[in-house]
Amino acid sequence: MSFVANVNVMLKEGIADPQGQTIERALPALGFSGVGDVRVGKRIRLAVDAADEQEARERVQQMCERLLSNPVIESYEVTLES
Amino acid sequence: MSTRIGIVVFPGSNCEQDCEKVFTDMGAEPVMVWHADEALPDVDIVVLPGGFAHGDYLRTGALARFSPIMSAVQKHSDAGGLTIGICNGFQVLCEAGMLPGALRKNAGLKFLCKWVDLRVENARTPFTSRASEGQTLRIPINHFEGNWYCEDTVLKRLQDNDQIVLSYVDNPNGSLGAVAGIANEDGTVFGLMPHPERACESLLGSEDGALILGSMLDHVSAKAGV
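As you go down the protein sequences, you meet chains S and E in turn. Residues in the first sequence are numbered consecutively from 1, following our numbering. Residues in the second sequence are numbered consecutively from 1001, following our numbering.
Read the hints as simulated data drawn from the structure, not as lab findings. Possibly wrong hints are sitting among the right ones.
Claimed, not checked - Below 25 Å or equal to it, Euclidean Cα-Cα: the simulated DSS-like pairs (lysine-lysine) are: (1) S/Lys-12 <-> E/Lys-1110; (2) S/Lys-42 <-> E/Lys-1110; (3) E/Lys-1021 <-> S/Lys-12; (4) E/Lys-1114 <-> E/Lys-1021.
Claimed, not checked - Restraint ranges, calculated between C-beta atoms of paired labels, are given here: (5) S/Gln-19 <-> E/Ala-1036: 31 to 39 Å; (6) E/Asn-1161 <-> S/Phe-32: 44 to 52 Å; (7) S/Gln-21 <-> E/Asp-1078: 36 to 44 Å; (8) S/Gly-20 <-> E/Thr-1136: 45 to 53 Å; (9) E/Met-1001 <-> S/Asn-8: 48 to 56 Å; (10) E/Thr-1024 <-> S/Gly-31: 56 to 64 Å.
Each residue gets a CB set at the ideal place from its N, CA and C atoms; glycine is no exception.
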């Protein structure tokens, strides 16, 4: 079976995010106030073959641990599209 | 018999010719090694040069660490051979787990291309033996992701083991502890963001880089009993 997975990769909490900070500083200049805590990540979408949802999830998690994220500075979240 | 240097070339590497030139000028025998080769030629030192291996796609160094040549580089290191990763090469070594930590985007979000002063923190490595502790080296940087980071516990271990080899006198990119270059626990793998191969000719502004590259040649010669 083919499953579509979405992986969200973000910098870990506590790791400074200069891109997020730059965006956060730019928003008030455009008239948007009350915005804080801006963080920038990346989304990777892929189709993976697996017997069932659990296997699909495990395979994608292994991909995240080995390649899609850098565990030193990033955390990830896997969601499967239904 | 001159020292043989294997310079790994990834698609997107762009500093390999500078490395080849300076090692040739220093009397060594550099040879280019294609990233997709599964074996290294018979070399004493491995160099991972600067550039943008695999376009820095996904993360800088993330794909290069899986190039076929990297398992041969690991074996070379396990057998006690010296490996130096310069700039992008340092990024590849961190992604490969051969050095601790990770390189992030520069704190000021500017691509930095300038001369910096480095402090030699540890002159007792095969990469800094020609220098002395506390010496200032003038070497250029050229990077957008040079901001080195590791967890606090890892930093403490590196400090205790004297694995921090070079630091920035004036931290340009936010690196934790102003770290510019680190070694592994065995002292056989060294990664640094600055480019020593660009500081080997007084005509270009500094010869301090030759102290680093020359130290490695000394180490190999000493081992060979020359």
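Evaluated hints:
With a C-alpha separation of about 22 Å, the suggested pair S/Lys-12 and E/Lys-1110 falls inside the 25 Å cut-off, and the hint holds. Pair hint S/Lys-42 plus E/Lys-1110 holds up; C-alpha atoms about 20 Å apart against a cutoff of 25 Å. At most 25 Å may separate the alpha-carbon atoms for a hinted pair to count; E/Lys-1021 and S/Lys-12 exceed this at roughly 41 Å. With a C-alpha separation of about 21 Å, the suggested pairing of E/Lys-1114 with E/Lys-1021 holds against the 25 Å cut-off.
A hinted range of 31 to 39 Å holds for the C-beta pair S/Gln-19 and E/Ala-1036, which are about 33 Å apart. Restraint check, E/Asn-1161 to S/Phe-32: a C-beta distance of roughly 48 Å satisfies the suggested window 44 to 52 Å. A hinted range of 36 to 44 Å holds for the C-beta pair S/Gln-21 and E/Asp-1078, which are about 41 Å apart. Between S/Gly-20 and E/Thr-1136 the beta carbons are some 35 Å apart, a value that contradicts the proposed interval 45 to 53 Å.
Between E/Met-1001 and S/Asn-8, the C-beta spacing of about 54 Å keeps the proposed range 48 to 56 Å intact. As the Cβ distance of E/Thr-1024 to S/Gly-31 is approximately 59 Å, the hint placing it in 56 to 64 Å holds.
Going down the numbered hints, you'll see the structure goes against 3 and 8, while the others check out.
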